[in-house]
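Protein chains: 2
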Amino acid sequence: MSTKKNLPIGVFDSGVGGLTVTRAITELLPHEQIIYLGDTARVPYGNRGADTVRRYALNASKLLINEGIKALVIACNTATAHGLEALKHAYPNIPIIGVISPVSREAVMRTERGAVAIIGTRGTISSKCYPAEIQNLLTQLNLDKTIALEQIACPLFVPLAEEGWLQGEVPEKVAMSYLEPLKKTSVDTLILGCTHYPMLRDTIAVTLDSIMPHHVTLLDCAQSTSRDLAGVLSELDLARDTTSQPLPTKERIRFLVTDEPSGFMTTAIRFFGGPIQRPEHVNIIMEDDTNADL
Amino acid sequence: MSTKKNLPIGVFDSGVGGLTVTRAITELLPHEQIIYLGDTARVPYGNRGADTVRRYALNASKLLINEGIKALVIACNTATAHGLEALKHAYPNIPIIGVISPVSREAVMRTERGAVAIIGTRGTISSKCYPAEIQNLLTQLNLDKTIALEQIACPLFVPLAEEGWLQGEVPEKVAMSYLEPLKKTSVDTLILGCTHYPMLRDTIAVTLDSIMPHHVTLLDCAQSTSRDLAGVLSELDLARDTTSQPLPTKERIRFLVTDEPSGFMTTAIRFFGGPIQRPEHVNIIMEDDTNADL
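Chains as they are written, first to last, in our numbering: chain S, 1 to 294; chain A, 1 to 294.
Because the hints were derived from the structure by calculation, they are not lab data.
Source: prediction; values computed, not measured.
A hint or two may mislead.
[Stated by the list, open to error] Examples of chain A residues toward chain S, derived with CB under 10 angstroms:
no.	residue
1	T40
2	R42
3	T52
4	R122
5	G123
6	L156
7	P159
8	L160
9	W165
10	V174
11	S177
[Claimed, not checked] Only pairs whose alpha carbons sit at most 20 angstroms apart, straight line, appear in this in silico EDC-like list of lysine to aspartate or glutamate:
no.	chain 1	residue 1	chain 2	residue 2
12	A	K173	S	E163
13	S	K173	A	E169
14	A	K128	S	E260
15	S	K173	A	E162
16	A	K184	A	E150
17	S	K173	A	E163
18	A	K173	S	E172
[As the list claims (entries may be wrong)] Okay, the calculated bits of chain S under chain A, using three or more residues with CB under 8 angstroms as the criterion:
no.	region
19	149-162
20	165-171
Glycine included, each C-beta is placed from N, C-alpha and C at the ideal position.
Hey, can you work out the whole structure from these sequences and the hints?
Encoded structure:
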């Protein structure tokens, strides 16, 4: 019997956004333990250069791997876009799952009208990581399908989510302003391409209902990634025994942060949707530090 | 004749907020040249620990001082709160002006009802730097006056300003939600305690007009700081000769940034209120680096 099964899953993000992914994982896989690392000393990643983000992701992941984990989830769109390939290359013996591919695959399979919208931060949208991934998938899966893509940057959704302005007039008006251009498209599937956006899911859904003549399916990178992780653990025989009673949620997850832990708790509880353990402060030694200033 | 007079003024901020201060300086002192340093690789400072911010401020200021400046403006509330004393200690031979003291002095002098409100980021408000400064001033100036203070954190004003949502329903509703508690106070003077907030000045003024039975004077740290700087330059005989025609605004200011310059321009032009020179990328060597991770 493999003891590797009993190791926790590592989840990495720049801040609190990855907690929506962690919440989805813990709901889907209540027997698994998790170590969450929020690189709060360097948040936000969205505006940093690609090389910088890759270096941050490599060093943060090394810390999690040294803690002993059986799988690694990169619960951050920017770190996935710039770091996933380098991470897979650096750690070939551990399954590493990013947030872009699972939800993109779901979008490709589910769109009936062949029109998908992606909403994300300005950084994610301008990186074109979702269009590239969707194109890859169409080729890989050998699908005889073309998909029209609409990309919309929704930068105010992150502060609204972090500040807890999730419903009501302000978020609805912001959502309307961002999403109204979809009116003249046949988009039937929308990817929430930022780990913060599931917090605003209801407002986004209501707004789309009022704009679009047909139903739009919201796909959430947190949900898709947790389902992908479940599949990978099962396939590699890494899933924990599910016959016993799971531990209470709060005891299943350790939280590590790189800045002072005090600022993390309030927002983290909101994003996780329940009480969490007090985060521990960790230092990340930045190796391969060719940039003297960072 | 002193050639020191002809040196530029150094202005330092973590990002674009300090450009409202720069704009006020350049309007008030059109003959002066400016070097602006935005520490965009480490923005935002608001959530970082006090020691970290102090170290960033010291190293960034050293870069400006090495460029050759005759005065230094710390155009950032967080860097002023945590770094000003250390900077004055490190560089006793150069006048250094922060953004907290000038506007606080103005508030103390101008309030007639003895009630002042301070709005700022969550970090600025919880640091209580304005109440401490106002208390200091009352003691220093030996004023027989007590001032009631109201502090309100308005965290969404920064992303609204950066995204250019300056007027209309969304910023007005956000402002109303933050400022409504002032209704039951006799506040007649409000400090815009964040260098981003002058961008939202009109919306804040309209909101206060609709809430308050009497007029509320808005004091803007950008305006107050530039007036203070003018006084200091004149007092120390450091002001440039004003008899000749000033250079065009765009040619008077050099911009340095620590992250990739590309992301800086659009927001910077909006904050500065006109065209700017293309920013130059600089590296800041972080000395006294006792924290291996930063």
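Against the structure, the hints:
Satisfaction of the interface hint for T40 of chain A is found here, the shortest Cβ-Cβ separation to chain S being roughly 8 angstroms, below the 10 angstroms cut-off. At its closest, the beta carbon of R42 of chain A sits 9 angstroms from a beta carbon of chain S; the interface hint therefore holds under the 10 angstroms criterion. Nearest Cβ of chain S to the Cβ of T52 of chain A: about 8 angstroms, under the 10 angstroms cut. The hint holds. The closest approach between the C-beta of R122 of chain A and any C-beta of chain S is roughly 9 angstroms, which is under the 10 angstroms cut-off, so the hint is satisfied.
Hint status for G123 of chain A relative to chain S: holds, with the closest Cβ pair at about 9 angstroms, below 10 angstroms. Because the smallest distance between the Cβ of L156 of chain A and any Cβ of chain S comes to about 6 angstroms, under 10 angstroms, the interface hint for this residue holds. A distance limit of 10 angstroms between C-beta atoms decides the matter here; for P159 of chain A the minimum to chain S is near 4 angstroms, and the interface restraint holds. Given hint, L160 of chain A at the interface with chain S, holds; its Cβ is 7 angstroms from that chain's nearest Cβ, closer than 10 angstroms.
Interface hint at W165 of chain A: satisfied, since its Cβ lies 7 angstroms from the closest Cβ of chain S, which is below the 10 angstroms cut-off. Contact between V174 of chain A and chain S, as hinted, is supported at the beta carbon level, the nearest pair being about 6 angstroms apart and thus within 10 angstroms. Contact between S177 of chain A and chain S, as hinted, is supported at the beta carbon level, the nearest pair being about 8 angstroms apart and thus within 10 angstroms. Of the pairs offered as hints, the one joining K173 of chain A and E163 of chain S holds, with about 15 angstroms between alpha carbons and a cut-off of 20 angstroms not exceeded.
With a C-alpha separation of about 8 angstroms, the suggested pairing of K173 of chain S with E169 of chain A holds against the 20 angstroms cut-off. Restraint check for K128 of chain A and E260 of chain S: the C-alpha separation of about 19 angstroms stays at or below 20 angstroms, so the hint holds. A threshold of 20 angstroms between alpha carbons decides the hint, and for K173 of chain S with E162 of chain A the separation of about 18 angstroms falls inside it, so the pair holds. This hinted pair checks out: K184 of chain A and E150 of chain A have alpha carbons roughly 11 angstroms apart, not beyond 20 angstroms.
For the given pair, K173 of chain S sits about 15 angstroms from E163 of chain A by alpha-carbon distance, which is consistent with the 20 angstroms threshold. Distance check on the hinted pair: K173 of chain A and E172 of chain S sit about 12 angstroms apart at the alpha-carbon level, within 20 angstroms; holds. Check result for the region 149-162 of chain S against chain A: holds, 5 residues qualifying (beta carbon to beta carbon below 8 angstroms, three or more required). Taking a C-beta to C-beta cut-off of 8 angstroms, the region 165-171 of chain S contributes 3 residues in contact with chain A, enough for the three needed, and the coverage statement holds.
Every hint, counting from the list given before, is met by this structure.
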